[in-house]
Each structure stands twice: as C-alpha cells, then as structure tokens.
Amino acid sequence: MEQMPTVINSLNIGFIQTLKLFFVTLIGSFPLGLIIAFGSMSRFAPVKYISKLFVWIIRGTPLMLQMMIIYYFPGLVLHNNIWGSGEMGRFIAASVSFIINYSCYFSEIYRGGIQSVPVGQEEAGLVLGMTKRQIFFKVTLLQMIKRIVPPISNEIITLVKDTSLARIIALQEIIWAGQSFMKGSHGISGAIWPLFFTMIYYLAFSGILTVLLGKLEKKLNYFR
Amino acid sequence: MSILEVKNISKSFDRTKVLKDISFTLEKGEVVSIIGSSGSGKTTLLRCLNFLEQPDSGIIKVNDDILFDSDDPATFKESEIRKKRLHFGLVFQSFNLFPQYTALKNVMLARELLAKQLPDYKTNKKEIQNNIQKQAEELLIQMGLSDRMDNYPHQLSGGQCQRVAIARALALSPDILCFDEPTSALDPELTGEVLKVIKKLSEHNTTMIIVTHEMSFAKDVSNQIIFMDDGYVVERGEPAQVFDNPANERTRQFLAHYNQ
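Chains A and B supply the protein sequences, listed in that same order. In terms of numbering that gives the first Met the number 0, the first sequence has 94 at position 95, counting the first letter as 1, and numbering is strictly consecutive. In terms of numbering that gives the first Met the number 0, the second sequence has 257 at position 258, counting the first letter as 1, and numbering is strictly consecutive.
Just so you know, nobody snuck in bad clues.
In silico EDC-like pairs for lysine to aspartate or glutamate, Cα to Cα no more than 20 Å straight-line: (1) A/Lys137 with B/Asp149; (2) A/Lys131 with B/Glu79; (3) B/Lys76 with A/Glu121; (4) B/Lys16 with B/Asp68; (5) B/Lys83 with A/Glu121; (6) B/Lys6 with B/Asp20.
Negatives, chain A to chain B, calculated, CB over 12 Å: (7) Ile7; (8) Val46; (9) Leu75; (10) Trp82; (11) Met87; (12) Val95; (13) Gly111; (14) Ile113; (15) Glu154; (16) Ile191; (17) Ile207.
The hints are simulated quantities; they were obtained by calculation from the structure and are not laboratory data. Owing to the predicted nature of the structure, the values given are computational and were not obtained by experimental measurement. Note that beta-carbon positions come from the ideal geometry of N, C-alpha and C, so glycine has one too.
Let the sequences and hints guide you as you build the complete structure.
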C-alpha cells in the first residue's frame, strides 16, 4: 500500500498529458474541420476533390499509423527531426496527428449539419432582406449546432480514449504511466493494478463529459 | 402607373423552359391570383419577382422603377438586389419560420437587423427596439395570435405558423405581398383560418399576388386571375370571366377538374 502515492502521482502526471492532448486536439480540429467541410462543399472542383481525397485518406487509415509517419518520417527520411527531441517534440507530433485526424471526422459531421438545414431557411432570410452573413449567424448556425451536437459528442468521447494511441510514439500519457510499473519504475515492477487504475480516470472523465454534453443537448431542445 | 409591371420574363433551368415570355401588370391595392397545374411555372414566377431566381430575359418594374432588366447587368448586383427584395414579401408554402425564435421574434428579426444599419441606431436603440416590438405585436394581434407571441414554431399549428409567416412578411411593409400556395401544406380546417386572414388583408387594400389551388377563394378575393400552363400565361382576366367563361380550351380543361 505504500506504493499507492507513488503510482497515483505518476498516473496524475500522465493524465495531465492526456488532458492536454485532448483539449489541444479539440481546439485545433473544431475550426480546421470547418475549413475542410467548406472545402468539400466548394463549387470549385479541384478544391472539392482534393478535400474529399484528403478526408478519404485520413479516415481510411489508422490514426496510429498516421502518428508514426508524422513523428518518424521527418527524422528518418528527411534527416531533419522538425519535432525536436524529448517529450515536447512527441507531444507536438501527436497533437498535429490528432488534429488532422479529428478535423476530417468533424468536417463530415459539419457538412452533414450544414446540408441538413433546409434551404427554405436561407430563402426566408433572403426575402426578408438579410445578408448572407446575417443569415448564417442569426438563422442557420444554431440549427446546425443543434443537429451536430449528438454526433460531435460521440467523437469527443471517442477522443478521450483515442489519446492513448499516442503511447505508440512514447508520449507519456496515462497508459504509458500505468504501464511503466509493469516494466519497473520508482522501484515498483511487475505490477498490473496501476493499469486498472487508469480505467477510473477514463471512466470519470468520459462520465463528466457525457453529463456536460447531455446538458448542452438538452439546452438546445427548446426548439425543433 | 401600375405598382408592378412584368414584361417578357423568360426563365430556363438547364434546357427546360419554365417561364415563356410572361407579361402582366398589377395596380396598387389589387389582388391577382395565379392558377394552373403543378409545374406550370407559377412558383418560379414568384421566385423571380423575389429575386430568388434570376430571369434569363425580361424587365420587372415597381412603381416605374426598373428593378430588373436582363439587358442591364447593373441591375443584377447582389448588394442592390437585397434592397430591391424589400419591395416584395413572400409567404412560403412550408412557412419557413425560424425554429429557434418565438413567434414575436420571428416577426421582429428582419427589422431589427435592418435597424442596426440606421445612423441613429446607437443613440435611439431603446426607442427603435420598442417600436419594432410594438409593430410586431400589433401584426400578430391582427393575425389573431395575441396569445401565441411567445410560442416557438414547433408549439404552433400549421395554420398558426402560416399566420406568423404572414405577419413576418408584413413587418417590412412590402409594396407587394406574394403567397406561394400558402395553404397547400394545411388541412381544410386550418386552410380556412389562413384564407380568412388573406381575405382581410385584401379588404385593407394590400397588393397581393397569390399562387393557389383554392379556386373558390381565388375567385372570391381576386381582381384579376392569371391562368398559367406550360410556362405561358394562357389566360388573364377578371375572375368572373376566367372562371365562368374561359376563352381558352386549356383553361376550360383545367377548371373542369375542380368543378367535378
């Protein structure tokens, strides 16, 4: 039992790295996803098809593979490790991979949301003399947000657990921290129970998110 | 001077000609009903008047102002079109109310946004806002919705929604109010309450263009009937003449379906 504080301390440090990756991914991929969504709806064919090709490649291959390529390729092939060394370099590479990957998923959700708002809404705004900008912000945006909250929530919950994939480039997130006690760390080795402890972190965090996202969904239920 | 003058409007989608050389005039305070089978171009004509579609050729004049002239590209400018649209109001078949706003806010929104562009908006904000709200409330009372102002569209019946939509269009005081099959999405009971409101508007000399399949209503409320078929204005005249004594064989055939 005297091992407990040591383990909890390590897991906490790992979990902070997990949280950082989680929030950086959301902050980056929410807006980037919107740009890709507009790209894939573009009336300019090259932009549209390049966007669609990009989304296909990113969604069609494993995130773990993308992360390995993004992290190792510059150093091994171009002999220029643009990410820098150490934990910070791994964190930046992981963040870039996650942002690219999640923005592709978000872009498809956005696209669905934008296209599901009936065209009559825009037309009603137009005949009332509104500008396109006013129509987007005052009429369609909230309807779109309402429609995308459930699928976005799903992706957000998935992201909580996907952050553990960054283990593959040795990012010191919570799984890495828990696993270290199997191999030996801080004088503890062969211990598998810290891994079970990591589950509590994941469950607690995804539980909080589920409640918050559910509240948001309810809040938008005042209209249909 | 006619309030509206439509001259030789034509419009194609891809290779299908939807409107073929449409011309008519409308006097202030008059009601014209456009009848005809589905696909005859009625809705497209209304959409052209509201600048939701751009005609391929022709001229549209309101109060002798040229709003659209296919030979003058300056009249297609997006920023100009926005102002020109305000001459017309449009009530849609499917209402198209904004679901996230109450009935009252639906009626107020467009005027609020326009008011923000006024130079004295910041200094007189409260007063302007109050005026807009007062006008919206009056319109909703006029539509018989005094107890529905704070309801959201999904809490209203179809007939109530359509009456909110009419109030919303009237809020901008358009010269000409257009209706695109305003009762086609409603059951007969709700149809009646909407038609009653439109009838009342006609008694107050609101200039209106009504696309409808309600023949007896059209006959009752209109000063002028336009029968369209296959993109043409086939027949145009006073209701009694068009309904009781149609000159064109196609008009006769069409009306026969309603008299059965």
